[in-house]
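Chemist: Quick mapping for you: the protein sequence lines, in order, are chains B and R.
Numbering follows the numbering used here, in which position 67 of the first sequence is assigned residue number 67; successive positions increment by one, without gaps.
Just so we're on the same page, the numbering used here is the position in the second sequence counted from 1, plus 78.
Be aware that one or more of the hints could be misleading.
Stated by the list, open to error - Result set (DSSO-like, lysine-lysine): computed pairs, CA atoms no more than 30 Å apart in a straight line:
hint, chain 1, residue 1, chain 2, residue 2
1, R, Lys102, B, Lys10
2, B, Lys64, B, Lys35
3, R, Lys102, B, Lys16
4, R, Lys291, B, Lys35
5, R, Lys218, B, Lys42
6, B, Lys42, R, Lys194
As the list claims (entries may be wrong) - One-sided excerpt, in silico: chain B residues whose CB lies under 8 Å from chain R:
hint, residue
7, Lys10
8, Thr17
9, Met19
10, Pro21
11, Asn31
12, Asn73
No wet-lab data here; the hints were simulated from the structure.
Predicted model only: the values in this text are computed from it and were never measured.
By construction, the Cβ of each residue, glycine as well, lies at the ideal position given by its N, Cα and C atoms.
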Amino acid sequence: MSNRDITKIKLSLNGKTLMVPVNSTLLDIVNLHFKGDPLPLKGISAAVNREIVFRSQWDTFLLKDSYIIEILNVTQGG
Amino acid sequence: MADSVVIGKRNFSSRLMLGTGGIKSLEILREVVTKAGCEVATVAMRRVDLKESTSFLQLLEELNVTILPNTAGCFTANDAVLTARMAEDALGTGWVKLEVIGDEHTLLPDSVELLKAAEELVDYGIEVLAYTNDDVILAKRLLNLGVSAVMPLGSPIGSGLGIVNPHAISMIIDEIAGKVPVVLDAGIGTASDAAFAMELGCDLVLAASSITKADNPILMASSISMAVKAGRDSWLAGRIPKRYHAQASTSQGNIATWK
Chain B
1 MSNRDITKIK LSLNGKTLMV PVNSTLLDIV NLHFKGDPLP LKGISAAVNR EIVFRSQWDT
61 FLLKDSYIIE ILNVTQGG
Chain R
79 MADSVVIGKR NFSSRLMLGT GGIKSLEILR EVVTKAGCEV ATVAMRRVDL KESTSFLQLL
139 EELNVTILPN TAGCFTANDA VLTARMAEDA LGTGWVKLEV IGDEHTLLPD SVELLKAAEE
199 LVDYGIEVLA YTNDDVILAK RLLNLGVSAV MPLGSPIGSG LGIVNPHAIS MIIDEIAGKV
259 PVVLDAGIGT ASDAAFAMEL GCDLVLAASS ITKADNPILM ASSISMAVKA GRDSWLAGRI
319 PKRYHAQAST SQGNIATWK
């Protein structure tokens with residue numbers, strides 16, 4: 001019998017492995033990533049499995065095991 | 079009459095765009111933008127600290143600079159399109175400087191991937207300012223795809239070599255200028271390079287490393303800004319044709335004879 005914790009799923013967030021509760025939304029992960037700091041209105045974006053997830057969908061976008069998430073924000077460059 | 083330039087739906091009076099890559103501090107960025115009078119500044123999308131990102135963005139907004147997201151660091155059309163769309167979701171600017179790089183050594187644009195990405199982003203309704211090789215045929219292809227500006231390189235990114243093939247840039251200007259703006263991007267090393275670009279007929283210059291990595295970025299920004307203005311004025315004034323032989327500027331008639 002597997003010892004796997006069925007209450008959690010494994011994700012990749014910006015290249016690092018992360019275990020989070022089942023039914024976590026993308027917004028949960030964004031908040032976790034930024035350690036609960038208030039999110040600015042602009043400057044952040046997220047993609048899951050190489051598909052953009054618009055900010056307006058973060059709070060309803062349910063994550064599944066093995067999803068690959070990228071959270072990017074604006075910085076100097078170009 | 080103001081000598082303004084239109085890119086897509088936007089109108090600018092400054093013809094110098096600032097690439098912010100490599101800027102050493104926000105204080106320097108503030109001074110650079112102020113001294114150079116830049117109205118457009120590029121940004122990138124990266125995995126960075128939220129506070130750092132927020133402070134940077136707040137400063138650009140405070141300076142009333144139009145933010146131009148770019149896809150720096152993308153090596154495929156798919157990556158560039160995804161990054162551009164993420165930037166659009168993050169900022170809602172409606173435009174992007176599209177870079178699709180061929181390899182890490184040369185940092186030259188990958189023309190095949192660039193065309194694919196440009197087509198897709200134009201279809202998404204994003205105004206594309208395409209960073210491209212100094213290739214007139216490619217520039218025409220980009221124009222036909224509906225890009226809002228063509229941005230040929232003067233020389234490789236960060237090289238500071240200036241415009242290594244002015245003839246190629248002139249050919250692009252002959253074909254493209256008047257249809258969409260031509261922005262000389264990459265390779266500017268110092269003020270004279272920027273002046274030369276404008277004297278050739280470029281509509282704008284984008285300077286990044288030449289300013290951000292100068293010993294005195296603020297002074298260099300001011301210098302390049304003046305050079306862009308001087309070059310533009312020279313272009314508008316109309317330079318004299320180049321001649322193989324000398325031609326006297328003073329009338330040859332009514333000359334005294336000493337015989």
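Chemist: Each hint should be assessed against the structure and marked as holding or not.
Modeler: Results of checking the hints against the structure:
| no. | hint | result |
| --- | --- | --- |
| 1 | R:Lys102 with B:Lys10 | 38 Å, violated |
| 2 | B:Lys64 with B:Lys35 | 21 Å, holds |
| 3 | R:Lys102 with B:Lys16 | 28 Å, holds |
| 4 | R:Lys291 with B:Lys35 | 33 Å, violated |
| 5 | R:Lys218 with B:Lys42 | 35 Å, violated |
| 6 | B:Lys42 with R:Lys194 | 28 Å, holds |
| 7 | Lys10 | 19 Å, violated |
| 8 | Thr17 | 15 Å, violated |
| 9 | Met19 | 20 Å, violated |
| 10 | Pro21 | 23 Å, violated |
| 11 | Asn31 | 11 Å, violated |
| 12 | Asn73 | 4 Å, holds |
Violated hints for the displayed structure, listed by number in ascending order: 1, 4, 5, 7, 8, 9, 10, 11.
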